[in-house]
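Undergrad: Work the whole structure out from these sequences, hints included.
The listed protein sequences correspond, in order, to chains Z and P.
For any residue, its number in the working numbering is found by taking its place in the first sequence, counting from 1, and adding 786.
For any residue, its number in the working numbering is found by taking its place in the second sequence, counting from 1, and adding 8.
Simulated from the structure, these hints should not be mistaken for lab results.
Being a predicted model, the structure only gives us computed values, none of them experimental.
Check before you lean on any hint, since a few could be wrong.
[Unchecked claim] Distance condition first, Cα-Cα at most 27 Å in a straight line; then the derived DSS-like pairs of lysine-lysine:
| # | chain 1 | residue 1 | chain 2 | residue 2 |
| --- | --- | --- | --- | --- |
| 1 | P | Lys158 | Z | Lys822 |
| 2 | P | Lys134 | Z | Lys822 |
| 3 | P | Lys159 | Z | Lys835 |
| 4 | P | Lys35 | Z | Lys1138 |
| 5 | Z | Lys867 | P | Lys159 |
| 6 | P | Lys35 | Z | Lys867 |
| 7 | Z | Lys1138 | P | Lys117 |
| 8 | P | Lys158 | Z | Lys867 |
| 9 | Z | Lys822 | P | Lys132 |
| 10 | Z | Lys822 | P | Lys35 |
| 11 | P | Lys141 | Z | Lys822 |
These are the residues of each chain, in order.
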Amino acid sequence: MTSTSDPGPFDLPEIRAHIGSFLDHNDRLNCILINKPWHSTMTSLLWEKVTLIDTSDKLPLPLQKISIPLDILQKNAGLIKTLIIQSNILPDYYDISFPILQTVSFWPMKPLRFFREPGVAAFEGLTKLIKQNPTISQIKLGVSKGLVPAPDTLWEAMAEAPNLQLLEAPRMRIRHTTMPLFWKATENLRVLILNFESALRFGRNTDGAGGPLVFPRLNRLSLEVSQGAHIMESEQIRLMAQCPQLETLDWIPDQAFSPEKFLECCKAETWPNLEGLTLARLDLYTDADIKVILESMRRKITILGVSRSGFGPRSFEALRPHFFSGIIELDLSYCSAVTSPMIVEVLASCNKLRKFAAGCVSAKDLVASPPWICGSLRELWIYFDMSNDDASTDPVVIGNETTEAGARAGAEAEQQEVAMERTQRQIFERIAGLEMLQSFSFSDPTREIPVRSLDLRLGKGLELLSSLRELKGIHFHGTQQWMRTEDVEWMLGHWDHLHWMGGVMDMVDQSHNNALVKMITDRGVFFAS
Amino acid sequence: MPVILVSSDNQDFKVDKEVAERSILIKNMLEDVGESDSPIPLPNVTAAVLTKVIEYCEHHRNDPVQVPEETDDPRKRSNDIEEWDMKFMQVDQEMLFEIILAANYLDIKPLLDVGCKTVANIIKGKTPEEIRKAFNIVNDFTPEEEAQIKKENEWAEDR
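TA: Below, the structure is given as structure tokens:
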């Protein structure tokens, strides 16, 4: 500040912190040296989240080099809110007290740099950490293969943890004898994210008897069952039915069950507060079945995932009242009864929509539709049928111009081509309006040979997508593309956050395509062909 | 229904209620005061700054109320500033700071965000010395303290 006695914004810690929230890690490391007030603010931000990993790569434990020395970690322990333990670490680390620790992430699944299972010592350390740090509210157990079951003492410690609200355990192998402890540890949670790989047993006592098990505070349940877990459908349903406060439910069973039992729960108003529902393996669910489910969600519907189901006109009717009142995520991918007009109506009616996946939409319907109001869309997957009523979707063939009929056919084909290009530009314009779009896919999974779709070239409309400044990924599998070097250069230059791409860029010249792929991967962008 | 705001240097500003209520502070005051149309004093904001603040609120009067981002990850927050706001913020540094302070005091979150993003954009890519020069900040560290800080914080590596 130039003066003075009047305080400037930099004198207010909340403003320094607010500015800091817009800076990346490197800029924060520079700000930490500005002066003492900035040092204090930035230190808090830098040490909020910390990763502990063995960087010495496979040396035995006593010789390990851990990413943060013990004394430094100790000094800053009071600032740490999130602790990520990515490998075996020296036991002394688990002795540290973290007075404001909220989240512990143990062996996160990604990124998996060192493929090593947690040892017994690691589990013991985690147990101690939980016991010593009562502020912990979230525990995320990655654990790559789950071959070593977590010891009973861990569940006991969790059951005692006074502030625990969330448990994420993507691979759960629990011994039968341990199950009562597991239920005790989880019964007061707000959020439970599980993938069971072993059988469920209910009941509080080891013999399976005991009172009804209810999860009185569970707001969000994600239940995935791996093949080989051999959990009966009735057991899976039973677990879900014991959560009366559920607001969000994800159910990914190991096989396609028939809808009766689940529909019974819906009709019995088992989950009166349910507003978010994602289901998998819905091969046997008809349009009428989905309609029953939707009508049972009386409060509102914010999240709906019914991929590969019979979702169709009746379900759509049941969903329509929720368009304006708040649908945020909608997955209708691989639902063969979803029509182009339905997709168009969603885009023009759902103002809060952030994620949308559906199927094929006709270009004609799209450009004729009212303006899109889904300006908050972050993820979009739809694919295009560019054909007019009469034309086919084959590449345009210009007629033989030597005969009069040929010349007329040629002129007609050219007119069609001009119309198609105009339509395409209009679609590009619509997409360009989705300025918050992070993930855009127009891959067509249904065709064996590539089809005419959006032509990702400058001059054809690609340049209109310069407004997509948040774009992280774009997929165009199954579409005809003739991209040139300058088109790829443009993409890499304009989309600063581009992280992944997928599809065939040049369907004519394979070696050119490979060169383009290399250009992209050289810039650190992932490419899926 | 117009509302009268009075700057610290005693200038009156007549604004629509809807515009004034972009400031949560003023909104709360109006709710407390009820139907009275007495002017609202703003002792912390000069006329020059209040003019700018009102200009911002007028332009954004129809913006939807901001919903806090679901994710707390700062990397996911956009550092982009829309074009009108960018031109609006092309002021000298003193005015920039006054706007930030006013937005903070009046509790106008979108304006505070724009102001802080503008400062963040100035900071980006600069060394500590360059940042100090840009904002005329005095370095209150000794060289030993600086070296110590550099050493300590290399451990907080971004993963």
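Undergrad: Tell me if the straight-line CA distance from P/Lys35 to Z/Lys1138 falls inside 27 Å.
TA: holds, 26 Å
Undergrad: With the threshold set at 27 Å, check whether the alpha-carbon distance from Z/Lys1138 to P/Lys117 stays at or below it.
TA: Distance of about 21 Å is within 27 Å: holds.
Undergrad: Mind checking the alpha carbons of P/Lys35 and Z/Lys867 for me, to see if they're no more than 27 Å apart?
TA: Distance of about 34 Å is beyond 27 Å: violated.
Undergrad: Are Z/Lys822 and P/Lys132 close enough, with their CA atoms no more than 27 Å apart?
TA: holds, 19 Å
Undergrad: Given the hinted pair P/Lys134 and Z/Lys822, is their Cα-Cα distance within 27 Å?
TA: holds, 18 Å
Undergrad: For the pair supplied as a hint, P/Lys158 and Z/Lys867, is the alpha-carbon distance within the 27 Å limit?
TA: Given that 27 Å is the threshold and the Cα spacing comes to 22 Å, the pair holds.
Undergrad: Could you grab the alpha-carbon distance between P/Lys159 and Z/Lys835 and see if it respects the 27 Å cut-off?
TA: Distance of about 18 Å is within 27 Å: holds.
Undergrad: Between P/Lys141 and Z/Lys822, is the straight-line Cα distance small enough, at 27 Å or below?
TA: holds, 16 Å
Undergrad: CA of Z/Lys867 to CA of P/Lys159, is that 27 Å or under?
TA: holds, 22 Å
Undergrad: Take a quick look at whether Z/Lys822 and P/Lys35 sit within 27 Å of each other, Cα to Cα.
TA: Violated: Z/Lys822 and P/Lys35 sit about 36 Å apart, past 27 Å.
Undergrad: So if I understand the rule, the pair passes when the alpha-carbon distance is 27 Å or less; does P/Lys158 with Z/Lys822 pass?
TA: holds, 13 Å
The structure shown violates the earlier hints numbered 6, 10.
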